[in-house]
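Trainee: Top line first, the protein sequences correspond to chains A and B.
According to the numbering used here, the stretch in the first sequence is residues 13 to 427, in order.
According to the numbering used here, the stretch in the second sequence is residues 13 to 427, in order.
It is worth saying that the hints were derived from the structure and are not from the lab.
There's no promise every hint is true.
The list treats identical chains as interchangeable, and a pair is accepted whether it falls inside one copy or across any two copies.
Below, computed lysine-lysine pairings styled on DSS-like, alpha-carbon distance capped at 30 Å [as the list claims (entries may be wrong)]:
| no. | residue 1 | residue 2 |
| --- | --- | --- |
| 1 | 46 | 106 |
| 2 | 46 | 280 |
| 3 | 283 | 194 |
| 4 | 113 | 416 |
| 5 | 21 | 283 |
| 6 | 33 | 75 |
| 7 | 21 | 75 |
| 8 | 197 | 93 |
| 9 | 283 | 267 |
| 10 | 248 | 21 |
| 11 | 46 | 137 |
| 12 | 416 | 280 |
| 13 | 113 | 33 |
| 14 | 204 | 416 |
| 15 | 21 | 280 |
| 16 | 93 | 46 |
| 17 | 378 | 290 |
| 18 | 93 | 106 |
| 19 | 75 | 378 |
| 20 | 106 | 194 |
| 21 | 197 | 280 |
| 22 | 93 | 416 |
| 23 | 323 | 33 |
| 24 | 75 | 416 |
| 25 | 93 | 21 |
| 26 | 204 | 262 |
| 27 | 75 | 46 |
| 28 | 157 | 106 |
| 29 | 93 | 290 |
| 30 | 137 | 21 |
2 protein chains.
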Amino acid sequence: MRQSQLFTKTRREAPSDEVSKNAQLLIRAGYVHKEMAGVYSYLPLGRRVLTKIENIIRAEMDKIGGQELRMATLHPSEPWKQTGAWDGVDVLFKIQSRTEKEYALGQSEEEIVTPIAQQYAHSYKDLPIALYQIGQKYRDELRAKSGIMRGREFGMKDMYSFHTTQDDFDRYYEIVKEAYFKIYKRCNLDAKATEASGGSFSEKISYEFMVLTDAGEDDILYCDKCDYCANVEVAKNAEGDACPKCGQTKLQKAKAVEAGNVFDLGQKYPKAFGFTYKAEDGSDHYPIVGCYGMGTTRLMGTIVEVFADAKGIVWPEEVAPFRVHLIEITSDNADVHTEAAELYRELTSAGVEVLWDDRDARAGEKFADSDLIGIPLRIVVSEKTLAAGKFECVERVSGKVEHKSLSELIGRLTS
Amino acid sequence: MRQSQLFTKTRREAPSDEVSKNAQLLIRAGYVHKEMAGVYSYLPLGRRVLTKIENIIRAEMDKIGGQELRMATLHPSEPWKQTGAWDGVDVLFKIQSRTEKEYALGQSEEEIVTPIAQQYAHSYKDLPIALYQIGQKYRDELRAKSGIMRGREFGMKDMYSFHTTQDDFDRYYEIVKEAYFKIYKRCNLDAKATEASGGSFSEKISYEFMVLTDAGEDDILYCDKCDYCANVEVAKNAEGDACPKCGQTKLQKAKAVEAGNVFDLGQKYPKAFGFTYKAEDGSDHYPIVGCYGMGTTRLMGTIVEVFADAKGIVWPEEVAPFRVHLIEITSDNADVHTEAAELYRELTSAGVEVLWDDRDARAGEKFADSDLIGIPLRIVVSEKTLAAGKFECVERVSGKVEHKSLSELIGRLTS
């Protein structure tokens, strides 16, 4: 895309009421627009990042047999009343319609997905099933905070699985855990799985996926010799204790963001809806249900928090809005523009996503904007690179500079 | 995908309260699940169709310079109060939060997109811009009807364009009109553009895109010799009059579905928000705004209404959930299964989307399900086709039967 066509521009200052690093940078770079506390619109650059994150999650959920659907977000009140959540969930948005009907806005979708599964799963042969969607969620938070990381409207992948036995849920949880770790890895994030309390969702155990960052709202204890990790709230140990799992070293404490969670919901929802299946011997049983959340907008905010530096955002390659930021240094020498146009054509036809800064602006402004926007590889075309016969390539994350010919570039970017 | 893995099943009967053909068939075939009047969840097959429709629209909007974003759907009340729509739009859902704040649910997004454009467009050099999104809309309809075609929650593509002059809007409207016709054509729909009243949105003229079908809620007058078409509500002529445009024949009357619309919003919204741009001579002006809607779920319902036959749904190729329905006729001869598995592998690795009916069920049941689900090409693998050395291929739309070898099939499906 030609940057002269992009309708957003960078800004020097974020709104003064915006204290989180992720929202400040995302607003300044033109990724998001704040509508009110806890609600953001995603502008073209932000929409691109969000779509990449969603596609990573979608691919990994599909690989483990997740079937994608799109459930309603405007819910009838009846299923919420049936499970007791109409009065029990304080963040539930309720709506009174003109027709005197009451509706809820989806804050999680157990009340919708359980009757859907019930419609089709009647026998043990129909189980297990895993259903997921990627879409908007709404929560009436008393206080929205942390920029795009805790909102009143936010993007989320939510998956629900239905099993005949606890063992089968446990088996599937391990599969989902591996898929979650793959997603974090593709986002360059280092995540740890903890055990934590079930919260209001469930009496049973739940699991959280934590990413270490100072912007985190949670405190965790972890061991750097093994995979032990626990939320401080439920941990039986304290900082400095020997690791209760491997014993090799002392536990460390850190701030972390919850970037995913799993709830073992047991049979609560099937019981509320009278959802049973026939076992092989003809007897009726309630399925065991698991719920697997991952906030897409929260993941985007977490990535900004973890990788940003003093100059701006630093996107990992797989989630960046573009792979290459092509900077054309405005020049009286028409060959510079011709060369930039040619490189843009070559790269895009090789399938590389390029943001081409073809604006009539000073080099310093273009570089500062490029640092703020945070695309992984910057390629500079100028009179100097023209004379040298090679393009200047700068890695955003390291600042490392290399000089490459067109064929070397294509080779690197399409390998 | 293996059909034995698909969690939905077909049903003989639709819910008795569902009178529209589109919802009856979509529910019976397992595409959608009704949550309440006017609100449906989209199950895996339905989600696939919706994604295809969205991708067609996205491609055509991108081609005409539309920049995709995702605006909030939970809106602060302030911009709605600023334009007068808080009290003026009867279908606006309003929410009272725990924090005593009032919110609206997006039923259209002029109140959100105008301040976004205002943030970035300051000069005539920044215009025109065209911003679009694909997502959920909410309307507090007194009576939801026509299945997925008029809902309280529905999917929509909405685009908004900002121009310096009326001429520039008129120029861009013609471009969007062509893009809309391309979209309908890719969905196999024959659409006509009418002039209609502006409704509550605008005092100015609006345009509607009408698709002829008996399920339509509108009556139109059209000429089959030229492109004249008008909504009966605003037409100055009557059925049987000579065409006012070409005069060659008499006007005909028909039922039609509004499958898209355009509103020339003039300067209403920029005036409400004090959004001006600097012209070349330094003077300040309000931009002219256009709004271009196209319901994605409504388009899906329209396609069902237009093409369905007595046996079930008939999807046009570009929007079908799968390209091929591979029917394996259950047999004691293990070679039938091996051959079906091999064909599935070959087709999917050639990039063809295949739903493989590998269930242990009678042939008659499989064919009836296949007719109901409506995938364009059915390929049958049975002892008979094994003996013949060719696969039986049946076109859903025509019932035409052909016999083809693997290489002939691959050739046809990947050309």
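Trainee: Which hints from the list above does the structure break, by number from lowest to highest?
Mentor: 3, 4, 6, 8, 9, 10, 12, 14, 20, 21, 22, 24
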